[in-house]
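**Q** Chains as they are written, first to last, in this note's numbering: chain A, 15 to 292; chain B, 953 to 1288; chain C, 23 to 283.
Derived from the structure by calculation, the hints contain no laboratory data.
Please note that a few of the clues may not be correct.
To be verified - Capping the alpha-carbon separation at 25 angstroms, the derived lysine to any residue pairs in SDA-like fashion look like this: (1) B:Lys1147 - A:Val188; (2) A:Lys186 - C:Asn51; (3) B:Lys1007 - A:Tyr60; (4) B:Lys1107 - A:Ile67; (5) B:Lys1101 - B:Pro1079; (6) B:Lys1241 - B:Gln1210; (7) B:Lys1101 - B:Ala1034; (8) B:Lys1147 - A:Lys186; (9) B:Lys1101 - B:Gln1210; (10) B:Lys1147 - A:Val146; (11) B:Lys1062 - A:Val187; (12) B:Lys1147 - A:Ala69; (13) B:Lys1164 - A:Tyr60; (14) B:Lys1241 - B:Ser1072; (15) B:Lys1107 - A:Tyr251; (16) B:Lys1212 - B:Arg1186.
Stated by the list, open to error - Over the 12 angstroms line for every Cβ pair with chain B, so calculated as not near, a few chain A residues: (17) Pro22; (18) Gly37; (19) Cys260.
The beta-carbon is built from N, C-alpha and C at its ideal position, and this holds for glycine as well.
One letter stands for each residue in the lines below.
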Amino acid sequence: MTLQAVRPDAVGLEPPEYLGSAGRSRALSIGLRFVVPFLLLAVWWYGSSSGRIPADVLASPGAVVGALRELIATGQLGDFLLASGRRAGLGVLVGAGAGLLLGVASGLSALGEELIDPVMQMKRAVPFLALVPLFISWFGVGETFKIVLIAVAATAPMYAYTYLGVRGVDRKVVEAARGFGLTGIRLAVAVVLPSALPNILMALRICLSVSLTGLIAAEQIGATEGIGYLVTLAQQYYRSDYMVLCIAIYALLGLTFDLLIRGVERLAMPWHGHVAAR
Amino acid sequence: MSKFRRRALVALSLVALSLAAACGSSTDAAGGRAPGGAVLKLQDPGNSGPLAYAKREGILEKRLASVGASVEWGGSYASFTATFDAVRSNSINLLQGAISPALGYLANGKDIKIFSVTDSVTDPAAPQTDGLVVPPTSPIKSVKDLVGKQVAVNKGGKGEYLLLLALVQAGVPVDQVKRVYLNPDQAASAFATGKVDAWWAIVRAYPEVVAKGARVLVHGRDLPDRDLTIYAARTDLLQQHPDAVRVFLQVLQELTEQSKKEPEKFQNVFLSQGPTAVSGPRLEVEIAKTRTAAIPRPITQADYAYISDVAGVFRKYGVLSVDVNPADVAFDLQKS
Amino acid sequence: MNDTRTEAVEDSAPNAGTPDLNVNGPTVNGLAVSIRGLRKSFGPKSVLAGIDLDIERGEFLALLGPSGTGKTTLLRILAGLERQDEGTVLVPPRRTTVYQEPRLVQARRVLANVTLGLPRSARAAALRALAEVGLEGYGRAWPATLSGGEAQRVALARALVRDPEVLLLDEPFAALDALTRLQMQELVAELCARHRPAVVLVTHDVEEAVRLADRVLVLRDGEFVVDERIDLPSPRDRNDPAFVAYRRLFLSRLGVAAAAH
């Protein structure tokens, strides 16, 4: 096929400006994700080694790696992560589970909303840290206290997002499903929860990061292990290398949670890529 | 329908199980308790000192068994307030402290009493354990220069008590110096970044800040300091099981004696590395402190004056809003 | 030619005295779209296999083809929503698209939807455009309160107010009921006759194509198998034997032999 020339009266015409989003290679996308963290690391490393950042302002990467080595050598890192992971896991399981149930009930039925929503809005306004002394007197300072504290902290975001998600489910689809005889739990399981899944997973992300805050608060009290306890130790013993290490651990946990939820999203919402804006 | 019911039930029972497991594990921690006997519930003793040594060697467990009592080692607490919350909820029933920070709690409740005091160290060879510090370049040369300045102290604690004493001794009106209430770890960063002009650093914070070049204006030892290290316990424990508390104090006395002779054995008891481990010059200071440590003794009526004196200072300058009667907050182990 | 277009834009400014957008505008000539050697494939499937196409200014072109043949892809390339793999595509700067669904911003009122992305001075023109599509007084309504046909009229007004040189219509009547569809076809025919943009109408409906278009193309297997000028006077009568003949021709070229007889 020989290409015809463009007609001479094609005056003032131009190639269309591309309005779509640029498709990028996966490798480039993954690489770009690391750019800013590595840049920060580089600035930190350069600042410390050149003496521009004094050690008492921010411990050097070397000192922090040393602290990490010590923690690994004493076996505390594994123990601490395990202890905290168990507390956070149980707390989020209980708290997010409760938030999910309440959110669905409140989102689906008018009666549920009337009964649950005002209480949850009040609860949301109470900072969970304000409940610490009360909880100590109710549950002591053992594991129950720590798990309850995290659970209470995790309930509110899960409730709010689930409620929003359930309210956002297409009314027409719910109407149709009711027409097919689905009610109550079956309606929730078959139609409402799958449709509200993007919100629920977003809530899970928030629950997990809230659980880290909860861990710091809970493990300041009556703990002998855990990453929140490590923060307390670092503060009490004025070990700035351990403080920075704690921040690094938290940052890595944040990244891990994100990857985890992304994985779940991929598995649980294969349809989502076809409808999301990006 | 029944299938969904069952699923929901399974999910619910899983949640319930995990809760039960969580509750169960907290009672597991109390394992080895003698039936009916006294249980001493202690804070985590950390990585150094007689109690850490006792925990590692199981000394308290052995000795308390002779009076049918047992010991339960708990966790650590980020603040004195949290520790007292734990005492209130009976998660801890015996703790170490000082008169000054305990007064606020002793004044407001009858559930805790002091049963032992430890005299202040007077040995000039002993390292200083606290001091009013200013940044190395600060124009403040003496306590008198503090007028109009901000000083960080722990609220109702030793730092505030010593600052009040120092101001009185230097003849500075107390209300002309602004006391900023900060926990030691917060005070450390506020001091390092110049947000406060001075700071009464105590315990672990003191050697830390001196190592960073801070200048010391005055030490607690230079003042008529009447504040003592104390051991306190829940009143119910003291009344029902004074024998167990007596054994505890005895073990503590013996181990303190031993630690004065072999101070090295009482450092880095559990871990030789990690955040709680000390080394180098810091280890030497700790060894020197241990060598010169005073030995705890049961509180007697003669010691009531210490409590009244500290309480008097706090009362006078509005830190305490009620009077404290020493007889109400002390428990004489010998009498009972 | 360029000069006249510029004038038209200025005329459409609200402060100009002329009452409407480029009504009975100058007879336009020259090219509106020029495509040479356009290729696009999705994976192994080639949907546009090197097509050439010229569309005159003011020409109404209907694009027929079975589902999945790349009609919509061609339209999206013209709109800049998709990129070609190969070939030259030239279009005028002012292009707008009306989709199968109205695609209105539910959270903004009808008038704000029409003036979306335009300066405040476009309000008067937007109100005129609304009047032109028969929605006078609907400016403050919310999109959710409109019927399907009304919402699609708003989408049409939103396209018109931009005074497009090329109007891209992606099956704009497919979701409407039969009666509304007829009314909308009439409205589009009338508006296009008045404003004379070049139009690319993607449709499945052969009758719609014959009714509205000056020229009908059938796309099959990535190539144009039919390029036919419709020489019928307006308004067109679907029972006119010539109309029927066109319909039969296109249906047979689309592979619907039975229906063609």
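**Q** Work down the list of hints and note, for each, if the structure agrees.
**A** So, going through the hints one by one against the coordinates:
no.	hint	in the structure
1	B:Lys1147 - A:Val188	violated, 59 angstroms
2	A:Lys186 - C:Asn51	violated, 49 angstroms
3	B:Lys1007 - A:Tyr60	violated, 44 angstroms
4	B:Lys1107 - A:Ile67	violated, 32 angstroms
5	B:Lys1101 - B:Pro1079	violated, 28 angstroms
6	B:Lys1241 - B:Gln1210	holds, 14 angstroms
7	B:Lys1101 - B:Ala1034	violated, 30 angstroms
8	B:Lys1147 - A:Lys186	violated, 60 angstroms
9	B:Lys1101 - B:Gln1210	violated, 45 angstroms
10	B:Lys1147 - A:Val146	violated, 29 angstroms
11	B:Lys1062 - A:Val187	violated, 64 angstroms
12	B:Lys1147 - A:Ala69	holds, 19 angstroms
13	B:Lys1164 - A:Tyr60	holds, 23 angstroms
14	B:Lys1241 - B:Ser1072	holds, 12 angstroms
15	B:Lys1107 - A:Tyr251	holds, 20 angstroms
16	B:Lys1212 - B:Arg1186	violated, 29 angstroms
17	Pro22	holds, 72 angstroms
18	Gly37	holds, 41 angstroms
19	Cys260	violated, 10 angstroms
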